[in-house]
Amino acid sequence: MNSRCVGSMTGMVAVAAVLALAPISAAGQPAPATAETWNPPRTPDGHPDMQGYWDGGPVNASHSIEDGCCDPIHAKMQGRGPERLGLPEPLIIDPPDGRIPYQPWAAAKRMEHLVNMETPTKLEHIEPEDRCLLLGTPRSNYRGDLQIRQAPGHVVILYEWVHAYRVIPTDGRPHLGKDIHMYNGDSRGRWEGDTLVVDVTNFDDHVWFDSHGSFYSEALHVVERWTLVDPDTITYEATIEDPTVFTRPWKLAFSITRITQEGYEFFEEACYEGNSTEHRLAAGRLAVAAGEQRIHTHDEPK
Amino acid sequence: MAVAAVSLLLSIPASGQAPAGTSQTYTPPRTPDGQPDLQGIWQVINTAAWDIQDHRARLGVPAGQGVVEDNEIPYQPWALAKKQANFADRQTADPEARCHMPGVPRITYMPYPFQILQFPQHVLILYEYVHVTRTIYMDGSPHPDGHIDFWMGDSRGRWDGDTLVVDLIHFNDETWFDRAGNFHSEALHVVERYTRSGPDHITYEATIEDPAVFTRPWTMSMPLYRRQEEDIQLLEYECYAYAESEAGQGR
Chain A
1 MNSRCVGSMT GMVAVAAVLA LAPISAAGQP APATAETWNP PRTPDGHPDM QGYWDGGPVN
61 ASHSIEDGCC DPIHAKMQGR GPERLGLPEP LIIDPPDGRI PYQPWAAAKR MEHLVNMETP
121 TKLEHIEPED RCLLLGTPRS NYRGDLQIRQ APGHVVILYE WVHAYRVIPT DGRPHLGKDI
181 HMYNGDSRGR WEGDTLVVDV TNFDDHVWFD SHGSFYSEAL HVVERWTLVD PDTITYEATI
241 EDPTVFTRPW KLAFSITRIT QEGYEFFEEA CYEGNSTEHR LAAGRLAVAA GEQRIHTHDE
301 PK
Chain B
303 MAVAAVSLLL SIPASGQAPA GTSQTYTPPR TPDGQPDLQG IWQVINTAAW DIQDHRARLG
363 VPAGQGVVED NEIPYQPWAL AKKQANFADR QTADPEARCH MPGVPRITYM PYPFQILQFP
423 QHVLILYEYV HVTRTIYMDG SPHPDGHIDF WMGDSRGRWD GDTLVVDLIH FNDETWFDRA
483 GNFHSEALHV VERYTRSGPD HITYEATIED PAVFTRPWTM SMPLYRRQEE DIQLLEYECY
543 AYAESEAGQG R
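First to last, the sequence lines map onto chains A and B.
Start counting the first sequence at 1; every next residue gets the next number (the numbering used here).
Start counting the second sequence at 303; every next residue gets the next number (the numbering used here).
Do not rely on the hints blindly, as some may be mistaken.
Residues of chain A clear of chain B, computed beta-carbon distances all greater than 12 Å [to be verified]: (1) 96; (2) 160; (3) 277.
Simulated crosslink set (SDA-like; lysine to any residue; CA at most 20 Å straight-line) [as the list claims (entries may be wrong)]: (4) A:178 x B:538; (5) A:178 x B:536; (6) A:178 x B:542; (7) A:178 x B:531; (8) A:122 x B:541; (9) A:109 x B:535; (10) A:251 x A:195; (11) A:122 x B:544; (12) A:251 x A:217; (13) A:122 x B:537; (14) A:178 x B:537.
Stretch by stretch, here's where chain B covers chain A in the computed footprint (C-beta under 8 Å, at least three residues) [to be verified]: (15) 161–172; (16) 178–187; (17) 263–273.
For the record, the hints were derived by calculation from the structure and aren't laboratory data.
Don't be surprised by glycine CBs; every beta carbon is placed ideally from N, CA and C.
When you get a sec, could you build the whole thing from the sequences and use the hints?
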């Protein structure tokens, strides 16, 4: 049987996905108070205290930031009813149509990803999440739980997924030299009033924004804005700029909600240690040989 | 002794502090909530990654003085034979060759920097090597029920005077202690001790207990050195991603 939501339906990755998404908080959060009307608790150095465990961006976003996901099987695996297919609300807030503004060549390349990802014959056909790669910025923020810790001079974000982390210096130091590239990019933070603004550069281009082949180049530049708007809600906004791939900068936004479960801890998310891309490629080659290559779809097989 | 030998090879820091290993004489600065301050980016300067015991040089392997007390790992007879077999097969059998998380204490003396961060309820250690993280819970909570097969174990910590003491259980049996085939079972119990011995040094000690493999507990120790570069930060070493890309065919 063809697996349809390839991005997170394979083997242990699927199990991990379910675990990571387990403590889903209520989707219908009330509209948060605006930052102007609310004085947040503060760390000793006077910044809003965002520390704690958080449920990352909306369910399904990591599957497709344009459309969400997915089919009823996938929803069932994640313990969701059919009403929670797709995205609860658009993730991309600019442009207004909610679509990624690819340049024509990039739209064609993205289509290649959609054609190859179910039946990969080369490593670059495999959805990066299925290779257990670090998912970069902003994707890590909508792929499961995160933990924020603040100390003078830096903010640290830990992600349960593949035990990723980011150390974000807030001491004004410049970015790394231009020849250093990293999956998670190089983050530099500053406080604009009560908003943490993080400038991220020095990316590696092996990572996608989602399981639908949405990609970028090493010229990617992300500016994140993290604002604590009530005790249990962060509004998150990221401006995405990559003149090599997109026709214009674009923006995504979502809410991040606090995990309030008593005694909550991350588990060790050993993804790669139980994964095999070799077998994926072997299966992909067999499927291509059998004429089973097709554009990735969530439709039921005929 | 190995610790002293390595220290002597380094220039003494400008502040004129005694070299590592003189922990009794050094009073560490405190974090705002009063913990001895272990924070910073640290790295070993030794050859334990290759072999935690005394070893001669080989191609690509510097000779080294061991970090194990009395240079003796008290293997049970069957386990010594397995260690020797591991050594013979080390090029392919070493879990490091598969880019797996290396376990504790091995992660400490991999030739990559790591960062210690302290918070009131826990200590975080972030490692550059395959972005390993450890959360050491300092809230008095017990190990979770098990057995759990964690690669990096479950870390629960406490302060013993100015020393951070970390108790670890819940390991799998798939990691080694070094590239020379020293190994353990999932009964492994590690107790780490981190003690500031100067402004730029921590004395690191790990006691290894595994009744399935060893005849008695044994201990290794080494200094950790603060990275001095003003702009030092952790970068990425995504071992498996690079290995797959080089192989081209997946792994």
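Hints, one by one, checked against the model:
{"no.": "1", "hint": "96", "verdict": "36 Å, holds"}
{"no.": "2", "hint": "160", "verdict": "10 Å, violated"}
{"no.": "3", "hint": "277", "verdict": "3 Å, violated"}
{"no.": "4", "hint": "A:178 x B:538", "verdict": "15 Å, holds"}
{"no.": "5", "hint": "A:178 x B:536", "verdict": "16 Å, holds"}
{"no.": "6", "hint": "A:178 x B:542", "verdict": "24 Å, violated"}
{"no.": "7", "hint": "A:178 x B:531", "verdict": "19 Å, holds"}
{"no.": "8", "hint": "A:122 x B:541", "verdict": "19 Å, holds"}
{"no.": "9", "hint": "A:109 x B:535", "verdict": "34 Å, violated"}
{"no.": "10", "hint": "A:251 x A:195", "verdict": "17 Å, holds"}
{"no.": "11", "hint": "A:122 x B:544", "verdict": "15 Å, holds"}
{"no.": "12", "hint": "A:251 x A:217", "verdict": "17 Å, holds"}
{"no.": "13", "hint": "A:122 x B:537", "verdict": "27 Å, violated"}
{"no.": "14", "hint": "A:178 x B:537", "verdict": "13 Å, holds"}
{"no.": "15", "hint": "161–172", "verdict": "holds (count 6)"}
{"no.": "16", "hint": "178–187", "verdict": "holds (count 4)"}
{"no.": "17", "hint": "263–273", "verdict": "holds (count 7)"}
The structure does not agree with the numbered hints 2, 3, 6, 9 and 13 stated previously, though it agrees with the rest.
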